[in-house]
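Sequences listed follow chains A and B, in order. The first sequence finishes on residue 409 if you use the numbering used here, and the numbering steps up by one all the way, no holes. The second sequence finishes on residue 105 if you use the numbering used here, and the numbering steps up by one all the way, no holes.
Hints are not guaranteed to be accurate.
[As the list claims (entries may be wrong)] For each label pair, taking beta carbons as the anchor points, the in silico distance ranges come out as:
#1 A:R184 - B:E27: 33 to 41 Å
#2 B:G35 - A:D137: 49 to 57 Å
#3 B:G97 - A:D137: 50 to 58 Å
[As the list claims (entries may be wrong)] Below are the SDA-like pairs computed for lysine to any residue, each with C-alpha atoms no more than 25 Å apart in a straight line:
#4 A:K381 - B:V78
#5 A:K138 - A:H293
#6 A:K381 - B:E56
Source of the hints: derived by calculation from the structure; they are not laboratory data. Cβ atoms here follow ideal geometry from the backbone N, Cα and C, with glycine treated the same way.
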Amino acid sequence: MTDQRTIVVVGASLAGATAAATLREEGFDGRLVVIGAEELAPYERPGLSKGYLRGEESLDDLFVRTPDWWKEHDVELRTGIRAESLDPHSRTVALADRESITFDAALIATGSRNRRIDAPGADLDGVLDLRTVADCDKIKEAAAGGGPAVLIGMGFIGAEVAASLRALGVDVTVVEPFEAPMQRALGADAGAAVAAIHADHGVRMRFADSLDRFEGDGRLERVVTKLGDELDAAFSVVGVGVQPNVEIWPGEPAPDGGIPVGPTLETEVPRVFAAGDVASHEHPLFGRMRVEHFDNAIKMGEAAARNMLGAGAVFDDPHWFWSDQYDMQIQMVGRAPEDGQTVLRGSHEDRSFCTFSLDSDGVLRAATSVAWPRDVRRAIKLVRAGVRPDPAALADPDVDLRTLLPKDA
Amino acid sequence: MGEFVTVGRADEVGDGEAVAFAVGDEEVAVARVDGDLYAFSDICTHRHCNLSAGGEIEGTTIQCECHGSMFSMETGEVLNPPASEPLATFDVRELEGEIQVAVPE
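All chains should be modelled from the sequences, with the hints used to inform the complete structure.
What follows is the structure, given as structure tokens:
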């Protein structure tokens with residue numbers, strides 16, 4: 001018997017595509033429509049700053065499911081068209097071509113877009129940014145012409161693009177307002193260790209400085225910083241963060257700019273959910289938060305799909321993410337409390353360590369590692385279970401974190 | 001089903017461990033859990049990381065060190081994303097102190 005419901009997924013993003021795939025895998029056989037503004041079938045973006053940028057991965061490697069999968073599973077994948085609005089009263093989604101689709105349940109997974117930098121010369125040829133496959137292809141083409149490249153911002157994207165461009169032999173300078181790469185995510189000490197690894201690979205970094213203007217005659221020739229440095233540039237990649245695509249949300253945005261959802265990812269509109277970068281989620285462990293990472297998009301997409309089918313499960317994933325740079329992997333889980341204690345396993349000098357963050361009650365809330373395998377993944381279960389580990393055990397590399405999990409957790 | 005071929009000595013795979021062997025063009029991981037052997041493709045179906053290099057074995061599951069994909073070592077089924085394609089699994093046996101794996105032609 002065919003399910004009579006229609007489910008609309010707005011956004012052919014990782015979260016949206018994962019939700020649609022999960023709906024089919026969970027046995028939903030009603031009408032399922034996925035609407036995506038980009039032309040391509042849904043794909044994973046992490047490779048765009050890494051393997052795909054370096055030419056080691058092809059587009060086929062990036063697809064969330066093979067392009068045929070959607071047709072084979074009777075998913076109406078509508079790409080290359082934008083959803084314009086969602087009416088909570090008539091329960092319809094209107095597309096840019098004025099078609100209107102009535103839904104029983106809907107998921108908003110519209111992701112985010114890059115922040116534009118407001119600087120003179122930002123419209124010159126050679127000033128690039130990275131979000132889509134098309135963006136990445138432009139960077140690859142520019143890199144093939146040689147450098148030097150000047151990157152604006154050294155968050156996740158800037159740091160990964162720097163590493164990939166170095167692997168391609170391109171001369172790289174990064175301008176970053178903080179004192180270290182990825183400082184907001186890693187903190188100053190771990191960030192300094194990552195900076196040292198980049199310096200070993202020949203990346204020049206201008207910290208505590210920022211972009212003043214791009215200069216050139218139609219085409220970028222140099223980047224001028226606020227402190228007055230003039231950096232020759234054949235091309236530039238701007239990576240200064242993202243903003244969530246919440247325009248379709250008919251209600252008020254959350255203070256973090258996202259779409260407010262409760263613990264089960266449902267919005268204030270019944271059976272309308274949000275997942276991924278756009279979801280400002282009431283997390284049972286950490287409070288309201290919005291996360292712009294890969295694993296979260298998958299996990300929220302899966303959870304929203306099950307909840308659209310009525311599971312009613314609280315989303316309590318502790319948020320794990322990673323960054324690959326050179327042969328080093330950075331991993332993080334949880335959310336570090338503002339006050340509390342940190343415990344170091346390994347050493348900053350060796351550039352191989354894991355930092356644990358405990359709150360004022362001694363509960364393990366977060367872990368971050370640089371070139372230190374396994375322990376962040378092992379800490380996921382500890383964070384989820386809310387354990388109060390002995391700090392001495394956390395600091396001792398010989399203690400297997402799995403032994404710190406209570407047997408009944 | 002291919003023929004069983006010897007890939008190594010039984011003592012090369014300790015309990016709770018996964019070790020990679022080449023069988024023709026196939027990179028095969030052999031793991032031992034509570035004495036039982038499991039053989040499966042060593043290449044994660046997500047981004048082609050070697051599962052035997054740092055993959056975490058828990059019960060009869062293995063979790064890729066790169067991005068967290070988890071598979072059943074018995075059936076190859078995906079138990080945690082981001083992988084969506086299952087792993088190939090192979091018949092494996094221990095015979096006279098040797099590990100033998102059958103990889104289809």
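So, going through the hints one by one against the coordinates:
1. A:R184 - B:E27: 33 to 41 Å: With a Cβ separation near 39 Å, R184 of chain A and E27 of chain B satisfy 33 to 41 Å, so the hint holds.
2. B:G35 - A:D137: 49 to 57 Å: Hint holds: Cβ distance 51 Å, inside 49 to 57 Å.
3. B:G97 - A:D137: 50 to 58 Å: 54 Å, holds
4. A:K381 - B:V78: At roughly 19 Å apart (the allowed maximum being 25 Å), V78 of chain B and K381 of chain A satisfy the hint.
5. A:K138 - A:H293: 23 Å, holds
6. A:K381 - B:E56: 14 Å, holds
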